[in-house]
Amino acid sequence: MSAHAPTTAPAATHHISTRTYLIVFAWLAVMTAIEVAIAALPIQEEVKVIALIALAVVKAALVVLFYMHLRYDSKWYWITLIVPIFFVLLVARFLIVR
Amino acid sequence: MDQPLDPHLAEHSQGIHLPKPSFTPMLLGLGLGLMAFGALIGFITGSFWLVAGGVGLIVIGTGGWLVGNVRERIHSSETPAVAAKFAMWCFLGTEVIIFGMLISRVIAIWLVDREAHALLTEPIASLLLVSVNTFLLLVSSLSVVLGLNSIQEGKRGGLVLWLVVTTLLGATFVGIQGYEYSKLVSEGLTIGSSQFGSAFYLLTGNHGLHVIIGVIWCAVLIGRALRGGFTKEQHLGVEIFGLYWHFVDVVWILIFTLVYLI
Chain A
1 MSAHAPTTAP AATHHISTRT YLIVFAWLAV MTAIEVAIAA LPIQEEVKVI
51 ALIALAVVKA ALVVLFYMHL RYDSKWYWIT LIVPIFFVLL VARFLIVR
Chain B
1 MDQPLDPHLA EHSQGIHLPK PSFTPMLLGL GLGLMAFGAL IGFITGSFWL
51 VAGGVGLIVI GTGGWLVGNV RERIHSSETP AVAAKFAMWC FLGTEVIIFG
101 MLISRVIAIW LVDREAHALL TEPIASLLLV SVNTFLLLVS SLSVVLGLNS
151 IQEGKRGGLV LWLVVTTLLG ATFVGIQGYE YSKLVSEGLT IGSSQFGSAF
201 YLLTGNHGLH VIIGVIWCAV LIGRALRGGF TKEQHLGVEI FGLYWHFVDV
251 VWILIFTLVY LI
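Note that the protein sequences, when read in sequence, are chains A and B.
According to this note's numbering, the stretch in the first sequence is residues 1 to 98, in order.
According to this note's numbering, the stretch in the second sequence is residues 1 to 262, in order.
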């Protein structure tokens, strides 16, 4: 074994097919194009805001679940994400809705 | 060295490995403090030399820490993969709070300062520029996972190729952001022009700094891969880097929508 490659537990990593990665990327690219189109279109402000936020959340979720492997990893990792998101939303609510 | 009597006992008697003492974290802390203090003084006096000094200490501290860490990993047994990944997720959790606060602040300000916010999206060419940057980061996330797949299949050349692509895309993102900054400054949106300007540059500058760190990290990984540092079985470093890079991508996805599009 190389000196640069110390022992690691291989079971902690996941092999996801290239096809899955490409499909996720295609969805991300399409949703980005839809976002730009929605932003440029003269549609009702409330509809625009809801649609754009929904698309951004779905895109972020796709990256976290598939590219960051959270869908396949230990459920404990969710805690490190959900707890700070809860606090951010709590503070953001007071910052933004004044 | 004492020879363990029982091989089974020896397996569990390695104890906890602690890294050697290092002054680099203190340099980093000092640099961060100096940078924050320098920024406060700078806004009053107009001179930002203390900020530059702080940034210098941060670079030296971070670089020294990085080099020490790489040496440590070469000469000692590695942290278990699960622990390393959990540590990275915990770090990303703290980043969620930092970026969440910065994004919230920008939104809270542009809700009352629509004129400054309009500079980001009008003319439409500005929006297209940021859209291109968004696309570049999405492609760079794809290139990272393709690199991970390559090394998982034992293809070291593929890993190097995709990491090079990631580095180039990240560097291009930073270049385009620099160009966008120059345009915004010429249109009157500076860090001191308004509360929105201050919040906007703090958020996007912080993100850009993360991209720069990612580009440097990726370049280090390329060097390690070229020296045979990753194999089909041992590629934790690539996966940990991937977590960081994808997180930076996720943050940009949110910034793009919440700051530029809405």
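Keep in mind that the hints were calculated from the coordinates and are not lab data.
Accuracy of the hints is not assured; some may be wrong.
[To be verified] Under 10 Å between C-beta atoms, here's a sample of chain A residues computed to sit facing chain B:
1) Ile43
2) Tyr67
3) Trp76
All of these numbers come straight from a predicted model, not from anything done at the bench.
Cβ atoms here follow ideal geometry from the backbone N, Cα and C, with glycine treated the same way.
Hint check:
| no. | hint | in the structure |
| --- | --- | --- |
| 1 | Ile43 | violated (12 Å) |
| 2 | Tyr67 | holds (5 Å) |
| 3 | Trp76 | holds (7 Å) |
Hint 1 alone, counting from the list given before, is not met by this structure.
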